[in-house]
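Student: Chain residues, written in single-letter form:
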Amino acid sequence: MGTLPSEVGDILFGRTRRAVLGLLLGRPDERFHMREIFRRVASGSGAVQRELGHLVEAGLVRRTSEGRQVYFSANADAVVFRELQAIMEKTTGATEVLRSELAPLVSSGQVVLALVYGSIAAGSQTASSDVDLLVLGDATLTDIVPAVRAAEARLGREVNPSVYPIGEFRKRLKGGTAFLSRVVSGPKLFIAGDEHDLERLAR
Amino acid sequence: MTLSDWLASRWIVVHEASPAEIADLFALVDRDLNDAAVPRLSADWRLGITYNAALQLAILALAAAGFRPARERAHERAILSLRETAGTAEAIVNLLDSVRRKRNQNNYERAGTTSTAEAKELYEIVTVLRGQVVKWMKKNHKALIPRGLA
Numbered sequence: 000m001g002t003l004p005s006e007v008g009d010i011l012f013g014r015t016r017r018a019v020l021g022l023l024l025g026r027p028d029e030r031f032h033m034r035e036i037f038r039r040v041a042s043g044s045g046a047v048q049r050e051l052g053h054l055v056e057a058g059l060v061r062r063t064s065e066g067r068q069v070y071f072s073a074n075a076d077a078v079v080f081r082e083l084q085a086i087m088e089k090t091t092g093a094t095e096v097l098r099s100e101l102a103p104l105v106s107s108g109q110v111v112l113a114l115v116y117g118s119i120a121a122g123s124q125t126a127s128s129d130v131d132l133l134v135l136g137d138a139t140l141t142d143i144v145p146a147v148r149a150a151e152a153r154l155g156r157e158v159n160p161s162v163y164p165i166g167e168f169r170k171r172l173k174g175g176t177a178f179l180s181r182v183v184s185g186p187k188l189f190i191a192g193d194e195h196d197l198e199r200l201a202r
Numbered sequence: 000m001t002l003s004d005w006l007a008s009r010w011i012v013v014h015e016a017s018p019a020e021i022a023d024l025f026a027l028v029d030r031d032l033n034d035a036a037v038p039r040l041s042a043d044w045r046l047g048i049t050y051n052a053a054l055q056l057a058i059l060a061l062a063a064a065g066f067r068p069a070r071e072r073a074h075e076r077a078i079l080s081l082r083e084t085a086g087t088a089e090a091i092v093n094l095l096d097s098v099r100r101k102r103n104q105n106n107y108e109r110a111g112t113t114s115t116a117e118a119k120e121l122y123e124i125v126t127v128l129r130g131q132v133v134k135w136m137k138k139n140h141k142a143l144i145p146r147g148l149a
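Quick mapping for you: the protein sequence lines, in order, are chains A and B.
Note that numbering that gives the first Met the number 0 has the first sequence beginning at 0, numbered continuously upward.
Note that numbering that gives the first Met the number 0 has the second sequence beginning at 0, numbered continuously upward.
Note that these hints are calculated values from the structure, not bench results.
One or more of the hints may lead you astray.
Stated by the list, open to error - When the alpha-carbon atoms are kept at most 30 Å apart in a straight line, the in silico DSS-like pairs for lysine-lysine are as follows:
| hint | chain 1 | residue 1 | chain 2 | residue 2 |
| --- | --- | --- | --- | --- |
| 1 | B | K119 | B | K137 |
| 2 | B | K119 | B | K134 |
| 3 | A | K173 | B | K119 |
| 4 | B | K119 | A | K170 |
Said to hold, decoys possible - A few chain A residues facing chain B, derived, Cβ under 7 Å:
| hint | residue |
| --- | --- |
| 5 | S128 |
| 6 | N159 |
| 7 | Y163 |
| 8 | E167 |
For each residue, glycine too, the CB sits at the ideal point set by N, CA and C.
Let's have the full structure, built from the sequences with the hints guiding it.
Tutor: Given below as structure tokens:
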């Protein structure tokens with residue numbers, strides 16, 4: 000019996016390393032300040048620093064400094080860069096794939112906040128797990144579905160979007176919709192916006 | 000792929016539709032669109048009912064073309080067949096296919112994942128789709144159209 004993609008991810012990477020590699024390999028042309036990595040990965044700063052140290056030592060991540068600022072980026076020259084990127088995309092790269100597919104809608108302001116919740120955010124996905132996606136903003140299903148389907152083709156997983164206008168999200172959250180309460184309080188991976196934005200939009 | 004290819008792949012089987020059958024299917028579509036407009040229903044349920052109207056439109060268009068979906072993945076293939084029958088735009092077919100999965104999630108896994116905005120948007124899309132299917136029927140399968148169909 001073949002090993003499931005999620006098991007490959009679990010065997011190869013712990014949660015923090017997966018998240019760090021997913022961020023850096025998903026956006027190989029960008030460099031990230033440590034603080035931004037902390038924010039996006041949503042793990043303890045000590046664990047993130049440790050993982051970055053290991054990855055730099057292994058030659059998979061580049062560390063560059065400008066004055067007192069230190070940046071990290073994927074090392075596209077690493078011998079296993081392409082292979083590792085493909086593994087990350089197939090096993091844990093949902094947030095990065097969705098971020099790139101939703102980017103035009105985020106840029107246009109139609110998507111104010113987007114996040115992945117459910118088993119993938121909790122790191123408990125199986126091979127058949129869907130990607131559960133919550134989108135807040137003025138975007139419609141008609142706007143979101145093409146991006147979702149492009150992401151599905153890249154990920155080999157189904158993506159289930161829930162698209163809420165901000166006003167309705169706030170109203171239903173306050174009205175006690177259990178689904179939204181669970182999403183807000185549960186594990187999540189941000190695609191657009193962050194925890195502070197979510198708190199602000201929920202008020 | 001054409002419907003002939005679908006037939007060769009056994010995704011659909013030959014089926015001779017009667018005017019009574021098409022009338023019954025249109026009645027299901029109209030019942031569902033009427034029910035989906037009831038505002039006190041949950042958005043999840045309204046989306047599900049509207050999706051069902053879209054599914055019946057797909058099945059009746061396929062029936063008018065002389066086929067019905069084979070048992071395996073019948074709903075998915077019925078929805079996808081709208082491209083080949085009524086010439087529905089790919090973007091709309093893709094949206095309906097995504098809603099098919101969302102509706103399964105709503106029905107069996109998790110309540111509250113549908114916003115009122117999504118339910119309303121789908122309702123508008125399927126109302127337009129009904130008009131397109133009627134127009135296509137009038138052009139291609141006039142003998143099967145129920146009397147007095149708007």
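Student: Identify every previously stated hint that the structure contradicts and give their numbers, smallest first.
Tutor: 5
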